[in-house]
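Please work from the sequences and hints to get the whole structure.
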Amino acid sequence: MRIMGLDVGSKTVGVAISDPLGFTAQGLEIIPIDEEKGEFGFDRLTELVQQYKVDTFVVGLPKNMNNTSGPRVEASQAYGDRLAELYGLPVKYQDERLTTVAAERMLIEQADVSRGKRKKVIDKLAAQLILQNYLDRTF
Numbered sequence: 216m217r218i219m220g221l222d223v224g225s226k227t228v229g230v231a232i233s234d235p236l237g238f239t240a241q242g243l244e245i246i247p248i249d250e251e252k253g254e255f256g257f258d259r260l261t262e263l264v265q266q267y268k269v270d271t272f273v274v275g276l277p278k279n280m281n282n283t284s285g286p287r288v289e290a291s292q293a294y295g296d297r298l299a300e301l302y303g304l305p306v307k308y309q310d311e312r313l314t315t316v317a318a319e320r321m322l323i324e325q326a327d328v329s330r331g332k333r334k335k336v337i338d339k340l341a342a343q344l345i346l347q348n349y350l351d352r353t354f
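Numbering (the numbering used here), first residue to last: 216 to 354.
For the record, the hints were derived by calculation from the structure and aren't laboratory data. Among the clues, some could well be false.
As the list claims (entries may be wrong) - Below, a list of computed lysine-lysine pairs in the DSS-like style, where the Cα atoms sit at most 30 Å apart:
id, residue 1, residue 2
1, K226, K252
2, K252, K278
3, K268, K226
4, K307, K252
5, K307, K278
6, K278, K226
7, K252, K268
8, K307, K226
9, K307, K268
Stated by the list, open to error - Derived CB-CB ranges, DEER-like:
id, residue 1, residue 2, range
10, M216, E300, 32 to 42 Å
11, Q292, E251, 25 to 35 Å
12, D351, N282, 16 to 26 Å
Given the structure is predicted, the values throughout are model-derived calculations rather than measurements. Glycine is no exception: its CB is placed at the ideal position from the N, C-alpha and C atoms.
Here it is in structure tokens:
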């Protein structure tokens, strides 16, 4: 059993994968996308789904701090709907409030990574945190 965590943005999708037992999440990569042009990175995602034998997706839901949903929540849910349609696999949603902030703080405090380098890994780390939060809550 492998679960794939996704941090869906308008320009990138951060990807993380669980270990086979579902205990830990590992950041994999960042897939470039272009929401405005309708390019969502599904070709690369398909390769990863097959490589890791994914059986469930966890998509981060970027809710507002007051627990309301905005346009990014709708975009993430639309992406999740498309995943279910393409792969026929279950799609779960995980509240991702503050995961990007937490990821950036981790990179600053623990790795002392420059702003330019942080931008290159932040979405992957956010996907890892989304997936780890889901795993901790579920298993």
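Hints and how they fare:
1. With a C-alpha separation of about 10 Å, the suggested pairing of K226 with K252 holds against the 30 Å cut-off.
2. Under the criterion of a C-alpha separation no larger than 30 Å, the hint pairing K252 with K278 is consistent with the structure, at around 24 Å.
3. Taken as a hint, the K268 and K226 pair is honoured in the structure, with Cα atoms around 26 Å apart against an allowance of 30 Å.
4. Under the criterion of a C-alpha separation no larger than 30 Å, the hint pairing K307 with K252 is consistent with the structure, at around 26 Å.
5. This hinted pair checks out: K307 and K278 have alpha carbons roughly 15 Å apart, not beyond 30 Å.
6. In summary, the hint linking K278 to K226 is supported, as the alpha carbons are separated by about 18 Å, within the 30 Å threshold.
7. At most 30 Å may separate the alpha-carbon atoms for a hinted pair to count; K252 and K268 meet this at roughly 29 Å.
8. Straight-line distance between C-alpha atoms of K307 and K226 comes to about 22 Å, which keeps the hinted pair within the 30 Å bound.
9. For the proposed pair K307 and K268, the alpha carbon gap of about 17 Å is at most 30 Å, so the pair holds.
10. About 22 Å separates the C-beta atoms of M216 and E300, a value inconsistent with the hinted range of 32 to 42 Å.
11. Roughly 18 Å separates the CB atoms of Q292 and E251, a value that falls outside the hinted 25 to 35 Å.
12. Hint check: D351 to N282, Cβ distance near 20 Å, so the stated range 16 to 26 Å holds.
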